[in-house]
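Enquirer: Each chain, written out:
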Amino acid sequence: MKNFTFKVFPAQSGSENKQDEEVAKNSIEQPSVAKMDALWPETAKKCPPCVPLPPQMPCPPMEPMPTPPQMPCPPMGPMPPQMPCPPMGGLMAPPFTCPYFRLAHSYVPWQNYDVVYNPAEALCKGTLFPELHMPQGKYGPCEGPQPCRIHFGGGVPYGCE
Amino acid sequence: MAVNNPCQALLRKIQQVEFVTLELNLYLNTHPEDQKALEQYNCMHRELCELKKQYEQQYGPLLNYGWGMNTGNSWRWAEQPWPWEM
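Residue numbers (our numbering), protein chains in the order written: chain D, 1 to 161; chain B, 1 to 86.
Keep in mind the hints are simulated off the structure, nothing from the lab.
Every residue gets a Cβ at the ideal spot worked out from N, C-alpha and C, and that includes glycine.
Incorrect hints may appear among the rest.
Cross-link-like lysine-lysine pairs, in silico, DSSO-like; alpha carbons within 30 Å at most [unchecked claim]:
#1 D:125 - B:13
#2 B:53 - D:125
#3 B:13 - B:52
Using C-beta positions, here's what the derived DEER-type ranges look like [said to hold, decoys possible]:
#4 B:57 - D:133: 34 to 40 Å
#5 B:70 - D:109: 34 to 40 Å
#6 B:58 - D:118: 30 to 36 Å
#7 B:53 - D:102: 51 to 57 Å
#8 B:3 - D:103: 38 to 44 Å
#9 B:53 - D:108: 49 to 55 Å
#10 B:72 - D:108: 19 to 25 Å
#11 B:42 - D:114: 16 to 22 Å
#12 B:68 - D:110: 26 to 32 Å
#13 D:118 - B:38: 30 to 36 Å
#14 B:50 - D:132: 26 to 32 Å
#15 B:79 - D:108: 47 to 53 Å
#16 D:124 - B:70: 28 to 34 Å
#17 D:107 - B:70: 49 to 55 Å
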């Protein structure tokens, strides 16, 4: 699989842009630190007294969430080569730091051939690979015929022999 | 499909082994160099061929139009129960 990644380079400030930069420097006068201090009244520089936060309300009791089946992690394959973070200010969302995760990119972990089901179990479960086994009815209220039968009536029971 | 007799039991075994070869086929599409999967695929392919041969010798062709073997002195394709009769 090819990994198509966009590279974003910052615009180079070449010789042709230097004149524009000079014009910008002359036209906008940057206020000095001393001037900024004078603009602010003394009262604004001090923090207001801290107000204690209202007491935290206790959380309502949570209903037990359906938990996915606990499966052991398959052994990790070789990781892609570590790449240095490109200089991209503000292009990445904070939780997803470089180099592996970027917005609008999808990622599929590499599957490795390890433990497999026997033929009878594979046909029954619909997959040869335990890591791809997703039993019906474990991930939502109406995922397979059995939960639908429970919720709405009809349907046929299912299951392995 | 309930397995009630030896014919259906053998057919079920063929389904199971054929499903494994299908799964390994799909895996090998994206992992063409995986030697363990290749070995397993070839092993399952041999077993599938053996099972199909055994079924066709005992119960008649699994496929028609030249894709299955007919044994005996009559055309067994027409004598076999249809899938909905099994």
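Enquirer: All hints, please: hold or fail.
Expert: Quick rundown of the hints versus the structure:
no.: 1; hint: D:125 - B:13; in the structure: holds, 15 Å
no.: 2; hint: B:53 - D:125; in the structure: holds, 26 Å
no.: 3; hint: B:13 - B:52; in the structure: holds, 10 Å
no.: 4; hint: B:57 - D:133: 34 to 40 Å; in the structure: holds, 35 Å
no.: 5; hint: B:70 - D:109: 34 to 40 Å; in the structure: violated, 48 Å
no.: 6; hint: B:58 - D:118: 30 to 36 Å; in the structure: violated, 24 Å
no.: 7; hint: B:53 - D:102: 51 to 57 Å; in the structure: holds, 53 Å
no.: 8; hint: B:3 - D:103: 38 to 44 Å; in the structure: violated, 52 Å
no.: 9; hint: B:53 - D:108: 49 to 55 Å; in the structure: violated, 39 Å
no.: 10; hint: B:72 - D:108: 19 to 25 Å; in the structure: violated, 51 Å
no.: 11; hint: B:42 - D:114: 16 to 22 Å; in the structure: holds, 19 Å
no.: 12; hint: B:68 - D:110: 26 to 32 Å; in the structure: violated, 39 Å
no.: 13; hint: D:118 - B:38: 30 to 36 Å; in the structure: violated, 19 Å
no.: 14; hint: B:50 - D:132: 26 to 32 Å; in the structure: holds, 27 Å
no.: 15; hint: B:79 - D:108: 47 to 53 Å; in the structure: holds, 49 Å
no.: 16; hint: D:124 - B:70: 28 to 34 Å; in the structure: holds, 32 Å
no.: 17; hint: D:107 - B:70: 49 to 55 Å; in the structure: holds, 52 Å
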